[in-house]
Amino acid sequence: MADLFFHTPLRPKFTRRPHRRHQNRRSRMVRPRGSRLSRDVRSSLSPRIHRLRPARPRYSVSTQYPMAQLFRAFLLKALHGWSHETALVEYLQQRPSLGEQLGSETLPDQSTLWRTWNQRFTTEVQETIQKAAQTILVKAEMAGVDVPRSPPRTINRLDENDEDTALNDQEVLSKTDKVVEEIQRVAYPSFSLHRGESREIHTNSFWDLQTYLGLRENLAANEGARSFTLESDRERTPLGHTHRSSLRELSIGEVRGMYREAVGRLIDRLAETNEFYRAGTVAIDITEDDPFTGDRAGHESEIIGTKEKTDEYAYQWATVQLVGNAVPLVLDARPVRKGDTRLEIVRDLLDSAEEMVMVDDVLMDREFDSQHVLEEISSRRLQYVVPKRMRTSEKETARQLCEHDIDRQSVDRGLHLGDDEWHETTLVYRRKENSEHTDYRQYSVFMTNYETEAIGKYGSRWEIESGYKSIKRFMAATTSKNFVLRFFYFAFACLLYSIWRSVDLLVQVELAGEYDRPPVVTANSVLTLLKKQTGIG
Numbered sequence: 001m002a003d004l005f006f007h008t009p010l011r012p013k014f015t016r017r018p019h020r021r022h023q024n025r026r027s028r029m030v031r032p033r034g035s036r037l038s039r040d041v042r043s044s045l046s047p048r049i050h051r052l053r054p055a056r057p058r059y060s061v062s063t064q065y066p067m068a069q070l071f072r073a074f075l076l077k078a079l080h081g082w083s084h085e086t087a088l089v090e091y092l093q094q095r096p097s098l099g100e101q102l103g104s105e106t107l108p109d110q111s112t113l114w115r116t117w118n119q120r121f122t123t124e125v126q127e128t129i130q131k132a133a134q135t136i137l138v139k140a141e142m143a144g145v146d147v148p149r150s151p152p153r154t155i156n157r158l159d160e161n162d163e164d165t166a167l168n169d170q171e172v173l174s175k176t177d178k179v180v181e182e183i184q185r186v187a188y189p190s191f192s193l194h195r196g197e198s199r200e201i202h203t204n205s206f207w208d209l210q211t212y213l214g215l216r217e218n219l220a221a222n223e224g225a226r227s228f229t230l231e232s233d234r235e236r237t238p239l240g241h242t243h244r245s246s247l248r249e250l251s252i253g254e255v256r257g258m259y260r261e262a263v264g265r266l267i268d269r270l271a272e273t274n275e276f277y278r279a280g281t282v283a284i285d286i287t288e289d290d291p292f293t294g295d296r297a298g299h300e301s302e303i304i305g306t307k308e309k310t311d312e313y314a315y316q317w318a319t320v321q322l323v324g325n326a327v328p329l330v331l332d333a334r335p336v337r338k339g340d341t342r343l344e345i346v347r348d349l350l351d352s353a354e355e356m357v358m359v360d361d362v363l364m365d366r367e368f369d370s371q372h373v374l375e376e377i378s379s380r381r382l383q384y385v386v387p388k389r390m391r392t393s394e395k396e397t398a399r400q401l402c403e404h405d406i407d408r409q410s411v412d413r414g415l416h417l418g419d420d421e422w423h424e425t426t427l428v429y430r431r432k433e434n435s436e437h438t439d440y441r442q443y444s445v446f447m448t449n450y451e452t453e454a455i456g457k458y459g460s461r462w463e464i465e466s467g468y469k470s471i472k473r474f475m476a477a478t479t480s481k482n483f484v485l486r487f488f489y490f491a492f493a494c495l496l497y498s499i500w501r502s503v504d505l506l507v508q509v510e511l512a513g514e515y516d517r518p519p520v521v522t523a524n525s526v527l528t529l530l531k532k533q534t535g536i537g
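At position 44 of the sequence shown (counting the first as 1) the number is 44 in the UniProt record's numbering, and the numbers step up by one without a gap.
It should be emphasised that the hints constitute simulated quantities derived from the structure, not laboratory data.
These numbers come from a predicted model, not from an experiment.
In this text, a Cβ means the ideal position worked out from N, Cα and C, and glycines have one as well.
One thing to keep in mind: the hints can contain errors.
As the list claims (entries may be wrong) - Between beta-carbon pairs, the in silico distance windows are:
#, residue 1, residue 2, range
1, S379, T479, 40 to 48 Å
2, E367, R296, 20 to 28 Å
3, E124, A477, 41 to 49 Å
4, D365, D405, 26 to 34 Å
5, R296, E344, 33 to 41 Å
6, K469, R413, 28 to 36 Å
7, P96, N524, 55 to 63 Å
8, K472, D405, 41 to 49 Å
As the list claims (entries may be wrong) - Cross-link-like lysine-lysine pairs, in silico, DSS-like; alpha carbons within 27 Å at most:
#, residue 1, residue 2
9, K469, K131
10, K469, K338
11, K432, K472
12, K432, K481
13, K395, K338
14, K469, K481
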């Protein structure tokens with residue numbers, strides 16, 4: 001953990017905003033800059049750390065420790081959740097190398113730390129340290145990095161005159177229970193099955209079972225249906241084979257239509273608050289389903305393979321998600337079949353996204369660095385940031401930057417579209433922090449059709465990767481190769497994820513009057529309450 005810190009039914013389409021393309025696009029060079037906290041962590045803090053200035057000391061004894069070192073020390077203390085300075089002192093004494101990373105060869109003693117926190121740091125600084133620690137813990141945990149403790153659900157307000165501003169667990173759980181019940185009524189009616197008039201099992205019991213399967217890790221339909229029958233208070237529940245066969249009768253288009261309607265209803269509910277805006281940055285990406293082996297007969301057009309060169313193969317799904325300062329929702333999902341071009345995928349997903357929200361920026365990874373994809377985004381008057389795969393010319397430019405010790409440079413580039421048509425973009429070369437390489441591989445290259453500073457937004461794209469980890473946690477297990485069934489499992493997991501993040505926003509707004517990106521409601525809490533409200537809790 002120390003290494004982590006110290007290296008620290010369809011809606012009307014929205015009218016698109018005018019393109020804010022910049023005019024001055026001259027080549028620029030920027031000399032090296034130092035930064036401890038990553039951009040995505042710094043930008044999530046309010047007020048930002050680098051704008052803070054500690055209060056003047058209220059005691060006369062001078063200190064030899066710079067404020068930056070003390071700030072880092074207390075951030076380490078907050079990361080571990082220690083109540084007293086003694087634990088921090090003992091921890092640092094046992095790890096002398098951390099003193100150097102803190103910025104000093106000597107370590108402050110317990111009394112110095114106590115005076116700094118209680119007499120020198122303002123309430124604003126104290127709260128910022130707590131918020132920084134929470135942000136780091138949340139992002140590290142979502143990225144799969146080992147953390148010393150689970151992220152706190154709340155930030156305790158340190159104002160002595162406002163003891164009731166912290167959100168306690170009981171308040172959060174009580175409000176979450178009510179919000180989950182409401183959101184369930186909002187989202188689930190969007191889903192339906194092909195069933196006759198003489199049905200004896202209520203359709204909602206199928207969605208209850210699907211939610212139940214998402215509660216348990218690696219729980220397949222047969223075993224899950226048996227457990228669900230025992231735990232549910234419903235008179236009749238579907239058996240595993242009935243559940244699967246009902247889902248297989250759906251088409252991909254029907255699943256996507258039901259999903260978009262459900263998310264649209266969620267957005268309508270969120271839009272009733274002042275903390276959700278139908279606008280923001282979206283990220284488009286492709287993820288793999290769980291891989292499998294065996295006979296591919298009948299699935300040749302659906303199987304793409306895996307990103308790793310193995311004998312396994314897998315279906316692939318593409319999504320468009322809200323990222324950045326907005327509540328992270330999966331707006332749409334679609335399969336990726338053989339023959340689907342990246343342009344077709346991007347066009348399809350952006351059509352869906354723009355029916356729900358006003359898109360400002362589009363983030364994608366380098367597999368979408370096609371000039372035709374970029375032209376499609378620009379033609380919609382949207383801004384993009386996309387990393388570029390390095391070809392010969394980019395490698396040569398990076399070598400020259402390395403030789404001249406230049407951290408950053410931007411150059412204009414025309415990308416050929418064919419028939420004397422070109423797409424204009426800006427290439428931004430940026431040196432990676434703490435790179436292990438000494439040649440051109442020190443640099444990353446990004447493409448953007450906006451100000452070069454916009455590449456800082458790309459840090460928001462990590463949320464789509466962490467989101468995928470949560471989504472796959474919500475997926476029911478299956479050994480079936482049925483394309484529709486697997487896609488439904490993925491889409492429903494995306495819905496559970498979006499429900500979780502929607503519930504978190506609504507709970508925060510109800511209790512605190514504002515939305516802070518680190519969730520105060522855990523996914524487990526939401527799923528447990530969903531389980532309870534399906535009649536099995």
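The hints, checked one at a time:
In this structure the hint that S379 and T479 lie 40 to 48 Å apart at CB holds, the actual value being about 43 Å. The supplied range of 20 to 28 Å is met by E367 and R296, whose beta-carbon atoms lie about 23 Å from each other. In this structure the supplied range 41 to 49 Å holds for E124 paired with A477, their Cβ-Cβ distance being about 48 Å. D365 and D405 have their C-beta atoms about 28 Å apart, which keeps the hinted 26 to 34 Å range intact.
Separated by about 23 Å at the C-beta atoms, R296 and E344 break the suggested range of 33 to 41 Å. A beta carbon spacing of about 35 Å between K469 and R413 agrees with the range 28 to 36 Å that was offered as a hint. For the pair P96 and N524, the beta carbons lie near 39 Å from each other, so the given range of 55 to 63 Å is not met. A beta carbon spacing of about 42 Å between K472 and D405 agrees with the range 41 to 49 Å that was offered as a hint.
Taking the CA atoms of K469 and K131, the gap is about 24 Å. The hint holds against a cut of 27 Å. For the hint linking K469 to K338, the alpha-carbon distance of about 25 Å falls within 27 Å, and the restraint holds. Restraint check for K432 and K472: not satisfied, since their Cα atoms lie roughly 30 Å apart, outside the 27 Å limit. The hinted pair formed by K432 and K481 fails the criterion: a straight-line CA distance of about 41 Å is larger than 27 Å.
The straight-line distance between the Cα atoms of K395 and K338 is roughly 31 Å, outside the 27 Å bound, and the hint therefore fails. Between K469 and K481, the direct Cα distance comes to roughly 21 Å. Compliance with the 27 Å bound is thereby established for this hinted pair.
In summary, the structure is inconsistent with hints 5, 7, 11, 12 and 13 from the numbered list given earlier, while agreeing with the others.
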